[in-house]
Amino acid sequence: MSEAVERLTRLVEAKDRYRIPFADLREAQIGAMNERFRERKGQIKLVAHRAREAGITEVRSHEDAVKLLLPHTAYKSYPESWLAQKRWDRLSKWLDTVSTHRVPVDKVSDAGEVDDWIEKLADNGFFVSCSSGTTGKSAMLVASQQDMDWCKTEAVAAYSWGSGVKPAQDRRIFGMAAIAHVARNLATGEAYTAAMQDPNYERFAYPVPPITVGGLTQMVVLRKAIADGTAKPEDIAAFEKISAARQKAVDEAVGITAQAVVAARHSKLHVSGLWAGLYNVAKAVRAMGYSAKDFSPENSIYVGGGLKRAVLPDDYREFVYETFNIQPERSYQNYSMQELHSGMPRCQAGGRYHVPPWVVPLILDQTGDNLLPMIDGEYEGRAAFFDLSLDGRWGGVISGDKISIDFRPCACGSKGPSIRDNIVRYADLKGDDKIGCAGTVDAYVRGVA
Amino acid sequence: MNSVADLKKDAASDATAAIPAAFFARGELIEGNDAIHRSRDLGVNFATPRIDLNRIVHPRTEVPPLLNVPLAEIIDFLVETGQRITDPNNLFVQSCFDRMCATHILPRGVLENQIKGAAAYLDRRLLNTVVEQNFANPRALDEWVPHQDYTGRRSFVRAFAPRLVHVLPGNSPGVAVKSIAQGAMVKAINLFKMSSSDPFTTVAILRTMADIDPNHAIVKSMSAVYWRGGDDSVERVLYRPQYFDKIVAWGGGDAINNVIKYLGPGFQLVSFDPKTSISMVGKEAFASEETLDIAADLGSADVMILNQEACVASRFIYVEGDHTQADHFCERLHERIVERAAASGDTRPLDMELREQIETMMMMDDEYRVWGRTDGRGCVIRSDEPVEFHPINKTANVVCVPSLDEAMRYVNVATQTVGFYPFDRMADYRDRLASGGAQRIVHLGEAGPSAIGNPHDAMYPLHRFVHWMVHEDGCAA
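Protein sequences appear in the order of chains Y and Z.
Here my numbering is used: the first residue of the first sequence is 1, the next is one more, and so on.
Here my numbering is used: the first residue of the second sequence is 1, the next is one more, and so on.
Hints are computed from structural coordinates only; laboratory data are not their basis.
Because the structure is a prediction, the values reported are computed rather than measured.
Check before you lean on any hint, since a few could be wrong.
[Claimed, not checked] Estimated spans, in silico, between C-beta atoms of each pair: (1) Z:ARG139 with Y:ARG425: 44 to 50 Å; (2) Y:ARG425 with Z:ARG348: 22 to 28 Å; (3) Z:ARG55 with Y:ALA238: 50 to 56 Å; (4) Z:GLY230 with Y:ALA238: 23 to 29 Å; (5) Y:ALA249 with Z:PRO241: 38 to 44 Å; (6) Z:GLY230 with Y:ARG52: 39 to 45 Å.
Where is the CB? At the ideal position from N, CA and C, for every residue including glycine.
Sequences and hints are given; from them, build the entire structure.
What follows is the structure, encoded as structure tokens:
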């Protein structure tokens with residue numbers, strides 16, 4: 001690793017890492033992005049192409065870096081038909097265009113199903129995570145062993161800063177969400193367990209079969225088959241059956257989880273999940289006659305993501321906190337995305353997400369083409385980041401999120417850049433008024449989304 | 001907040017800076033700055049009056065104003081409207097162009113031609129032909145047509161004037177002219193829901209009509225307003241069989257999903273579906289340099305209809321040949337697309353997601369070949385299977401197939417027009433194309449024009465618009 005990158009990523013262990021003003025980091029961050037660019041331009045084909053198109057030979061400014069960012073959609077630019085046809089040779093070649101290290105196409109092409117392909121890649125040191133793709137196609141994000149190791153350190157450090165909880169292997173962890181069974185989630189899960197789980201107990205296993213990449217992409221593949229007109233009615237019926245079984249498992253998991261958490265109520269707990277799942281378990285716990293008074297006041301919580309379109313009562317947060325006896329200071333929230341390998345923990349005093357020094361925030365206009373000025377004040381626009389920690393793929397990514405970022409100090413005392421807790425996806429904002437006679441077969445596919 | 005984007009927004013959110021877009025309610029112009037909206041594509045603000053819902057719904061206790069106006073008189077009125085639309089002194093239309101340039105993605109010249117082209121639809125002979133093609137007996141529009149079946153049972157049938165909501169598309173302003181004419185010819189009470197990229201054209205045409213005769217029944221039968229598609233506060237109120245018989249809607253996705261939830265007995269959908277058009281180029285194109293040039297030129301004409309914003313514009317071109325042949329075709333096709341794009345003055349760059357997908361294909365050069373760049377000046381991609389994105393904004397996907405028979409599996413329920421070369425092979429393919437879901441097969445290069453009054457979207461629309469009313473009159477003695 002190069003000098004500036006090394007210097008910034010090493011701050012993951014530094015206590016005062018969110019206190020460094022953006023202006024003070026400017027030079028080091030630009031230098032580090034340039035180091036990354038120099039290494040990667042000969043390694044990642046898509047970055048080399050982008051640099052050629054933009055005429056960039058060095059990163060000397062934030063503007064230069066913007067021209068080298070890859071949109072989050074770059075990781076879904078593979079044709080879905082290759083998934084359906086199990087063309088692992090082609091998909092591997094595609095993966096190679098966004099990978100730092102050369103994908104051993106020949107060693108993985110003879111895979112059977114997609115999960116098999118993912119496993120073979122992992123055996124060769126290529127860890128592919130797959131986004132759930134709420135609107136269809138899944139992003140395929142490749143990472144290296146070094147990235148997996150980094151996630152383990154970073155996730156726990158960010159949690160500890162944001163929640164004020166010092167990991168001491170003295171809690172019982174209750175995950176209350178079905179987790180995608182992908183390398184990155186497994187790595188961070190392992191790290192949380194090692195840091196926090198009381199070794200006298202088994203970690204609670206959420207009673208829903210893990211969602212593998214194959215499970216995630218099955219729907220995508222079927223959707224495409226319906227659009228192409230090749231899906232047979234029995235194919236759709238079989239998928240509906242699997243979906244119903246999954247839903248049933250999710251519904252039943254609520255009761256099982258509530259029973260288990262009540263049985264463990266005398267221990268110090270750490271609960272995690274998405275709001276919808278947490279709320280449902282909390283409701284079941286209340287129905288059993290338990291609430292805050294029955295749980296330890298030192299319990300902590302980690303909620304990932306927003307509401308994800310779930311519809312809950314207005315007081316869902318309070319309801320969850322009050323059920324599990326969570327004090328506000330032990331509630332941890334984090335802003336991140338699959339494309340990044342670093343999180344931005346939310347502070348207690350200001351309620352804002354803090355950008356660490358090894359992540360360069362770049363705020364763009366809505367179209368993602370132009371950098372907005374990054375001086376004093378709060379700016380609203382499209383979030384882009386350069387995660388200097390990333391090894392296995394390019395760290396510069398343009399997200400689909402609309403954020404408000406402020407480069408002034410936060411109420412919590414941190415002087416680094418921070419993001420307001422009102423993040424939305426651009427995709428959720430538009431699309432309400434689009435009418436035209438030209439359109440695609442997507443409009444003719446019902447029910448598989 | 002003080003981002004550049006916000007500064008622009010702040011300036012524009014001032015009502016004085018927003019472009020005024022008036023409404024039209026059953027013959028009357030309504031102006032006002034009660035609501036500020038944002039246009040779909042360019043994010044420009046426009047100001048509209050508040051919608052007075054009572055004024056745009058015609059009570060069922062009153063028969064439609066046009067019911068007993070003879071069709072011939074309606075057509076006379078439409079013909080005069082057409083002449084006034086093209087009159088350069090028509091201030092309504094001129095100011096409409098000025099405003100539309102701010103909200104629409106297409107260049108002014110293309111928009112002007114669109115509306116002028118649409119005005120040509122308001123031709124007496126043409127309109128008469130449309131009616132004759134749509135109705136076995138057009139007299140049913142003007143009178144109760146007597147009929148007696150073979151058992152001796154007598155009746156009268158009337159193509160009764162319906163109550164229609166038209167949800168207009170945003171991509172093609174010429175549709176407004178056609179929709180007004182069609183609504184008038186079936187003597188309907190019409191409510192036009194305008195789109196955010198064009199909240200101007202419909203009202204400009206209706207004002208032109210009111211200028212001819214403000215009290216004519218045709219003018220009293222027309223309303224045009226804007227609300228944001230999916231706005232429950234309007235749609236939950238209006239979309240009811242007590243107020244309208246049918247909703248005539250263009251498009252798919254959210255636009256149609258919003259409408260579908262209101263359908264039910266007595267409130268039906270006539271949908272002009274979102275469509276993708278394609279081309280088929282047979283091996284005969286490679287007979288000589290000359291035929292190759294012809295096929296590429298015709299192909300490019302179909303790709304570039306309304307700069308590829310229209311549903312009839314071709315997006316996928318299936319070429320019967322090997323890679324070398326297809327590459328020759330691509331090269332020439334690309335040249336022609338670039339020429340046509342340059343001539344129209346359209347330099348809109350591709351959007352980020354499309355750009356990304358095409359650039360990835362440039363990397364995968366053993367699978368794909370790309371002519372041109374993603375700069376909006378025209379781009380052609382050659383592949384062995386159709387690409388999975390929607391080629392738009394001067395982008396053509398040439399798909400290499402060993403035989404056009406192989407291309408039949410790519411025809412689907414979203415396929416509208418299939419441009420074909422050579423023309424003498426069309427009959428061999430039309431049954432399979434129809435079975436796959438396609439709606440039109442045309443000579444390559446002629447995706448735009450169609451025989452007057454022919455079906456659209458696999459139906460005779462005017463025939464579907466009317467309320468077929470029966471008067472049973474007992475048995476003959």
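Against the structure, the hints come out as follows:
1. Z:ARG139 with Y:ARG425: 44 to 50 Å: 56 Å, violated
2. Y:ARG425 with Z:ARG348: 22 to 28 Å: 24 Å, holds
3. Z:ARG55 with Y:ALA238: 50 to 56 Å: 53 Å, holds
4. Z:GLY230 with Y:ALA238: 23 to 29 Å: Cβ of GLY230 (chain Z) to Cβ of ALA238 (chain Y): about 34 Å, so the range 23 to 29 Å is violated.
5. Y:ALA249 with Z:PRO241: 38 to 44 Å: Check passed, 43 Å falls within 38 to 44 Å.
6. Z:GLY230 with Y:ARG52: 39 to 45 Å: 43 Å, holds
Violation of the numbered hints given earlier is confined to hints 1 and 4; the remaining hints are satisfied by the structure.
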